[in-house]
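*Asks:* For reference, the chains in residue letters:
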Amino acid sequence: MHIVVVGLSHQSAPIEVREQFAFTPGMVDEAMALLRVEPGLDEGVIVSTCNRVEIYGAGAGAGDVIRAIDDFLHRFHELESRFEKEIYRFEEPRSVEHLFRVVSGLDSMVLGETEILGQVKKAYDQALSSKTTGKALNQLFQRAFQVAKKIRSQTVITRGSVSVASVAVELAQKIFGDLGASQVMVLGAGDTSEKAARALLSRGVRSVLVANRTYERAAALAAELGGRAVQFENFGGELAGVDIVISSIAAPHLILTRQSIGALMTARQNRPLFLIDLGVPRNIEPAVNEVDNVYLYNVDDLQGIADNNMRARREDVARCDELIAANVAKFEEWLRRMPPDAARDFQQNRSI
Amino acid sequence: MNEHPLILAALALYVGAFLYALFLLQGRPLWGSWGHRALVSVGWLVHTYALYLRAGQIHRCPITNPFETMMFITWALVLCYLVFGMTWRVSFLGPFALPLVIALCMFGLFPGLDHGRPEELKRSVSLSMHATLSLLAYGVWALAGVTGAMYLLQERQLKTHRLRGLFLRLPAIEQLDRINFRLLLVGFVLLSAGMALGVVVGLEFLKKDVLKTAWTLLLWAVYGGLLAGHMTHRLRGRKTAWGSIAALLFLMATFGLVNMVSSAHRF
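Protein chains in written order, with the working numbering: chain A, 1 to 352; chain B, 1 to 267.
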């Protein structure tokens, strides 16, 4: 029994090519049904995400399986031209290693991201319910999920946030814990502020207030975020009830000073206040960070943390590779010992 | 004394749990680790059995000399660690609380501390309750001091923007502040109850043992002040954390000395 993978990802093909091969959720059932009857292919799993389209297959001859999947991909998407350079075709042990790397986030656009694990699990579950998997792929995917778990717990590859918005969320969670009671104020309608506000909303913050020099822009962003717009002149009056401030006002002077925050903290009964200053020039006086229970981060601080986390992840790639190599070897050993009639059994089951 | 080997066994288990906690720093959350919890729990059960044997031997609560008192306080500390750690889901308490437990256990095992007890000690349920509740309060406050240290460590990382490995492992500072307050409150209620029973048991001791009475009242006032400061929002976060550490250091530094010169609390 041989296991192969045929596919294309963000590393091998631009989006214009990837989108031609993508399987939308509505297409997967039909594709699975066709895959089941593909000659030369005993087992198959389709993984289709924004960044990759891959079909894992198992069969008696590696070359036959690769050809079957390759033809199936082009035929299903009605593509006449062949994408030889963009499509990768791996046989064992590289195909096995590739899946282990994919589920561990090592092959992702953002190194170590964990969303891919859920996406592959979903793809495998779909294949399982469509009965396109057998002993080989079942074992391969189960092992892949175990490897991902091991890598997650034994290395730092998935730890720490690696974008400005997610670092802001992580910090907010380390200050407030549960964000369900927290209120966010967005000062200025910048792109990064909006991303940070959205990221905080996705973690369950209670509400969002938006203030901007142009009230209409504030109202528009507030409507998008499901929050409330406030007049820019009045934002100071709302601060006492706010826990997180994201500021990106284009102003030549400071809008929050140590003095104003000192007075505010008394009104806030010394509840913690998280200030995110994304403005250039800065909107908040740096000395504000010296006030008890106030935590001030500017864009460089957040980017620095994201970069450090990414550096730590990159430094751990070698350790991940070692773990993967050891697990690939174990799987290969298992595959070698697999009875030759296992695939036939599966084919018989499939025909029932 | 037959209980010493059992206490040593409990100590060995606590040391093992601490080392295992350090090892787990690289991996999953501590409360996700059954191994760590099992080591602490088994250590605590052995500890409990040792105290039970001693209580059977002396026919009263085993807090009649420095060794017994230290073992009782550490027993209370581990109990609080297990109960509150699980109830409030505070991961990572082990690497901070266990060193204190281990140090206090080792101190209690110093030769000469497990000496005879004052003959005049009465056997009374109220007296035992008075002492037990007071010592339980000290155990709870020790854990508050540990939580305070955790708060300061996490707060320093957030203030300086230097987020090290511990950052992800420690709870949120608001959570630590809440836990610190709750522990201060539980300890305060326990000591208040212990003091009330002390008045019931023997008002005459209050007059005879002025130093111990004054010391206890001072301690009660210090912790009461910390609680009042937190409830009125004047002391919050860092200030409460420093307060609980300072109060614990005061408690640890003066507890033995006051008992040495005390006329009615010589243990």
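Hints were generated in silico from the structure; no laboratory data involved.
Note that the Cβ used here is the ideal one computed from N, Cα and C, for glycine as well.
Hints should not be assumed to be uniformly reliable.
[Claimed, not checked] Below are the DMTMM-like pairs computed for lysine to aspartate or glutamate, each with C-alpha atoms no more than 25 Å apart in a straight line:
1. A:K135 <-> A:E91
2. B:K159 <-> A:E115
3. A:K121 <-> A:D178
4. B:K239 <-> A:D178
5. A:K85 <-> A:D71
6. A:K121 <-> A:D292
7. A:K122 <-> A:D70
8. B:K239 <-> A:E115
9. B:K159 <-> A:D70
10. B:K159 <-> A:E91
11. B:K159 <-> A:D29
12. B:K239 <-> A:D316
13. B:K159 <-> A:E285
14. B:K159 <-> A:D307
15. A:K195 <-> A:E322
16. B:K239 <-> A:E224
17. B:K159 <-> A:D178
[Claimed, not checked] Which bits of chain A does chain B cover? Going by a derived footprint, with three or more residues having C-beta under 8 Å, they are:
18. 62-74
19. 297-311
*Asks:* Indicate, hint by hint, whether the structure satisfies it.
*Replies:* We went through each hint and held it up to the structure:
For a cut-off of 25 Å, the pair hint linking K135 of chain A to E91 of chain A stands: about 18 Å separates their Cα positions. Pair hint K159 of chain B plus E115 of chain A does not hold up; C-alpha atoms about 31 Å apart against a cutoff of 25 Å. Our distance criterion of 25 Å between C-alpha atoms is broken by K121 of chain A and D178 of chain A, whose separation comes to about 28 Å. In summary, the hint linking K239 of chain B to D178 of chain A is supported, as the alpha carbons are separated by about 22 Å, within the 25 Å threshold.
For the given pair, K85 of chain A sits about 15 Å from D71 of chain A by alpha-carbon distance, which is consistent with the 25 Å threshold. A hinted pair counts as satisfied when its Cα atoms are at most 25 Å apart, and K121 of chain A with D292 of chain A does not qualify at roughly 46 Å. Restraint check: the Cα-Cα separation between K122 of chain A and D70 of chain A comes to about 23 Å, which is no more than 25 Å; the hinted pair holds. The hinted pair formed by K239 of chain B and E115 of chain A fails the criterion: a straight-line CA distance of about 40 Å is larger than 25 Å.
This hinted pair does not check out: K159 of chain B and D70 of chain A have alpha carbons roughly 55 Å apart, beyond 25 Å. For the suggested pair K159 of chain B and E91 of chain A, the alpha carbons sit about 51 Å apart, so the restraint of at most 25 Å is broken. Straight-line distance between C-alpha atoms of K159 of chain B and D29 of chain A comes to about 52 Å, which puts the hinted pair past the 25 Å bound. The hinted pair formed by K239 of chain B and D316 of chain A fails the criterion: a straight-line CA distance of about 38 Å is larger than 25 Å.
A distance of roughly 15 Å separates the Cα atoms of K159 of chain B and E285 of chain A; the hinted pair therefore holds under the 25 Å criterion. Proposed proximity of K159 of chain B and D307 of chain A is supported: the alpha carbons are some 19 Å apart, at most 25 Å. The straight-line distance between the Cα atoms of K195 of chain A and E322 of chain A is roughly 36 Å, outside the 25 Å bound, and the hint therefore fails. For the suggested pair K239 of chain B and E224 of chain A, the alpha carbons sit about 40 Å apart, so the restraint of at most 25 Å is broken.
Note on K159 of chain B and D178 of chain A: the hinted pairing holds, with a Cα-Cα distance of about 20 Å set against a maximum of 25 Å. Interface restraint, the stretch 62-74 of chain A with chain B: violated (0 residues with C-beta to C-beta distance below 8 Å; minimum three). Taking a C-beta to C-beta cut-off of 8 Å, the stretch 297-311 of chain A contributes 5 residues in contact with chain B, enough for the three needed, and the coverage statement holds.
Hints 2, 3, 6, 8, 9, 10, 11, 12, 15, 16, 18 from the list above are not met by this structure, while the remaining hints are.
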